[in-house]
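What follows is each chain in one-letter form.
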Amino acid sequence: MRASAGAAFALFPHDADLGVTGQGPTVEIAFEQAARAITAAITEADVAETERVTLTCDAPDLDLLLVAWLNAVIAEMAVRSMLFGRFRVRIDGTHLSAELWGEPIDPPRHAPACEPKGATCAMAEVRQDAEGLWHARCIIDV
Amino acid sequence: MDPARLIRLDDTTWRAEPTGAMRAPVVIYAEEALIRGMDDKVLEQARNVATLPGIIGAAYAMPDAHWGYGFPIGGVAAFDPTLGGVVSAGGVGFDISCGVRTMLTGLPASEVEPRKAALADRLFAAVPAGMGRQGDITVEPAAMDALLEGGAQWAVAQGWGEAEDLARIEEQGRMAGADPAQVSERARLRMRRELGTLGSGNHYLEVQVVAEILAPEIAAAYGLRLGEVVVTIHSGSRGLGHQVASEFLLEMAARGMPEGTTLPDRELACAPIASPLGQRYLGAMRAAINCAFANREILGHRARMVFRELFPEAHLSLLFDVSHNTCKEETHKIDGEPRHLFVHRKGATRALGPGHPALPERLRAVGQPVLIGGSMGTGSWVLAGLPNSEARAFASACHGAGRALSRHAALKRWSGRAIQDELAAAGILIRSPSTRGIAEEAPGAYKDVGAVVAVTERAGLARRVARLRPIVCIKG
Chain A
1 MRASAGAAFA LFPHDADLGV TGQGPTVEIA FEQAARAITA AITEADVAET ERVTLTCDAP
61 DLDLLLVAWL NAVIAEMAVR SMLFGRFRVR IDGTHLSAEL WGEPIDPPRH APACEPKGAT
121 CAMAEVRQDA EGLWHARCII DV
Chain B
1001 MDPARLIRLD DTTWRAEPTG AMRAPVVIYA EEALIRGMDD KVLEQARNVA TLPGIIGAAY
1061 AMPDAHWGYG FPIGGVAAFD PTLGGVVSAG GVGFDISCGV RTMLTGLPAS EVEPRKAALA
1121 DRLFAAVPAG MGRQGDITVE PAAMDALLEG GAQWAVAQGW GEAEDLARIE EQGRMAGADP
1181 AQVSERARLR MRRELGTLGS GNHYLEVQVV AEILAPEIAA AYGLRLGEVV VTIHSGSRGL
1241 GHQVASEFLL EMAARGMPEG TTLPDRELAC APIASPLGQR YLGAMRAAIN CAFANREILG
1301 HRARMVFREL FPEAHLSLLF DVSHNTCKEE THKIDGEPRH LFVHRKGATR ALGPGHPALP
1361 ERLRAVGQPV LIGGSMGTGS WVLAGLPNSE ARAFASACHG AGRALSRHAA LKRWSGRAIQ
1421 DELAAAGILI RSPSTRGIAE EAPGAYKDVG AVVAVTERAG LARRVARLRP IVCIKG
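Chain order of the listed sequences is A and B. Residue 1 is where the first sequence starts when you use our numbering, and the numbers rise one by one after that. Residue 1001 is where the second sequence starts when you use our numbering, and the numbers rise one by one after that.
It should be emphasised that the hints constitute simulated quantities derived from the structure, not laboratory data. In this text, a Cβ means the ideal position worked out from N, Cα and C, and glycines have one as well. Don't take every hint at face value.
Here's a subset of chain A near chain B, in silico, CB distances under 7 Å, partners left out [what the hints assert, rightly or not]:
| no. | residue |
| --- | --- |
| 1 | Asp15 |
| 2 | Ala16 |
| 3 | Cys57 |
| 4 | Leu62 |
| 5 | Ser81 |
| 6 | Pro112 |
| 7 | Ala113 |
| 8 | Ala122 |
Isolated chain A (complex conformation):
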């Protein structure tokens, strides 16, 4: 993955579901990190990069683009029965294109703790802080 200062992801509590945040020096890296947080919520095991998947999505603004992006990642996981460990995002206005690297789910090894259903608009926010770092946050229904 791209070595980027300030890139990080985290999970935060929500009553029945799960909050994810991603941050980075660019909005694209913040989006990538938010997707990594979903993988971390599912498994503590390493995810090998044996397959590459591409996707695109659109939304009228950045907050909804984050929701659309995470929903697209969740759908790819479900349709392909895969987990993804690395992401590369490009954003042009309100259009997003991405590459995802991962491997088929191996239930005994990955021991998935939860199955994400979808990204919600609840608390969905993309912002840049005073230091210039981008933050992307939303609630995932699990």
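Following the hints, position chain B against chain A.
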């Protein structure tokens, strides 16, 4: 939540009067201790629901209400299409038609207990559970429309269920008005290999014992006998429902309401019922309801096959199958006049009272079974709809215990392995692909389901019939 933020009307009814943009009050059914345990966001979200156009009566919250997204979980709200009423993808939720079914085995616990380890292993092998475990059913494109239109009726026609089940499923197992054309290719792909799978999170298949009977006459009508074994399944419309919800949520959030309409929370994502988008969502949502009906019917079939193998004399008959994440078109009396409404129940169970024409004949005299899941350590409940259920909250009741701790907090507090060992020592066998998942679903992470159903009864929403104690739990 500080109870002082509400007006207490009686022991179990609390109200917040309309202020600002609210078009209706908020009514919460709970006792003071449950109110204190609720997040402030429950009231905030219920207030937001009360601002939506066409809302009738109040924005209701059930005793197990907790912070959701858009609508609170445990929320009920009805809208009148002739008053600009809306349908909300956020008000139904991601797991469209998630619900519970309970099947009677007629077996005494004494017969099942000695073989429950083998039963747990066989059920875990037969019922695909957890992310990445696909079923042995592949729904080819040609069959998908029939599934989405036919629901459990389709599953029975394929040989994955019994015709006698259909009368015991809401809508006789087939939701009318489904429009498969509104279900995207992506949603269909997500379902291609997921039919007959349990899912993850709080979904489960449990073998339970009828541990207590509180309403003997109703229990007898339901076929529930003390000390006998039942099977309860909690699952929904799987990936297809999730995808339908995701897509319409975004579309409604972006352009659901007429220009100039301001919603207090984007997650309320809705559209006028009468609008093309509202109608498209209703068609897709009903197709997802059929998907859930079929999925639970097939899961029940899998359980039947396992019991047939281990207990050949047993026949599993369906007590009832009821959803708790839906928007249903229903007629309710408002000020004595019948009104045609769209009732959202998000984490709330329909609870029809005695005499309701939608109930099967054999249940009509006693009211609808209301199936309430607890946690894997504390058990579940069977309730019955009451004559005044309709007047309280459009014939709705709670749906579960409600979480006391987030998954995040549960994971910090408990080890899945330790929980599994503790429950085994207490006679409850857990089978799950993930010990971390078990920790997130630890019994201590849930509120006391006994307190929730007791308040549900005192509030006149539904009456307690029987308590079910788990002996085997298959978790996703």
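Evaluation of the provided hints:
| no. | hint | in the structure |
| --- | --- | --- |
| 1 | Asp15 | holds (4 Å) |
| 2 | Ala16 | holds (5 Å) |
| 3 | Cys57 | violated (9 Å) |
| 4 | Leu62 | violated (13 Å) |
| 5 | Ser81 | holds (5 Å) |
| 6 | Pro112 | holds (4 Å) |
| 7 | Ala113 | holds (4 Å) |
| 8 | Ala122 | holds (3 Å) |
Hint check: violations occur at hints 3, 4; the rest are consistent with the structure.
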